[in-house]
Every structure is written in C-alpha cells, then in structure tokens.
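Participant: Residue numbers (the numbering used here): 8 to 107.
What the hints contain is simulated information worked out from the structure, not anything from laboratory work.
Each hint can be trusted.
Pair by pair, the computed Cβ-Cβ distance ranges are:
no., residue 1, residue 2, range
1, His72, Gly99, 37 to 43 Å
2, Ser67, Glu97, 43 to 49 Å
3, Gly99, Gly59, 33 to 39 Å
4, Lys52, Tyr81, 20 to 26 Å
What you are looking at is a predicted structure, and each value in this text was computed from that prediction instead of being measured.
Ideal Cβ positions, reconstructed from N, Cα and C, are used throughout, including at glycine.
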Amino acid sequence: MFALVDVNSFYASCEIAFRPDLRGHPVVVLSNNDGCVIARNHEAKLLEIPMGAPYFKVKSQFERHQVAVFSSNYALYGDMSHRVMTILEELGARGVSIFH
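Produce the entire structure from the sequences given, and follow the hints as far as they go.
Facilitator: Structural data, given as structure tokens:
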C-alpha cells in the first residue's frame with residue numbers, strides 16, 4: 008500500500024493548531040527576520056497574497072484584510088513534523104512503507 012501525505016500549508020497549519028480561533032481566517036508566516044511571505048493558508052491564498060512577497064509591500068493588504076501574521080518558528084515546525092512522522096511510522100508498523 009502507498010499513501011502520499013501532504014500537510015496542507017504546513018507552517019500556517021502549525022500556527023493555527025495552537026490558535027484555533029484563526030480557523031477560517033487568512034494566516035501567513037514570514038521568513039527569517041520577517042522579510043517575506045513563506046507560507047499562506049487557503050484563506051490567504053484566496054486574497055491573492057503572493058508567495059515570497061516582501062512583507063513591507065503587502066503589510067497594508069494584511070491590515071486591510073485582518074491577516075494573522077506570524078514570524079517563522081522552526082522549532083515548532085520541526086516538532087510538529089516529528090509528530091506527523093511518528094504517526095506515519097506507527098502506520099508503518101502495520102505494513103505501510105514510509106519514504107522521507
């Protein structure tokens with residue numbers, strides 16, 4: 008059996024996991040030093056916020072549409088990735104092959 012697993016908008020989804028009040032609202036994650044957009048959830052994509060856009064160029068759009076903006080938190084994303092992989096590895100014990 009093969010399964011393709013993709014966590015939708017992973018960085019943004021990690022932030023929303025700890026802020027469930029943001030479900031259904033646009034969320035973006037910025038790069039190191041808050042330079043540019045590196046992740047967007049579905050609602051932010053609907054606002055046509057471009058990936059890689061410099062923060063200073065889209066800041067007013069974020070304010071206008073009440074976009075929740077997060078600085079990147081790689082420790083959180085690493086932990087959440089580990090949790091996902093642990094669950095998948097448990098499935099592997101049931102006969103599902105895991106490829107990283």
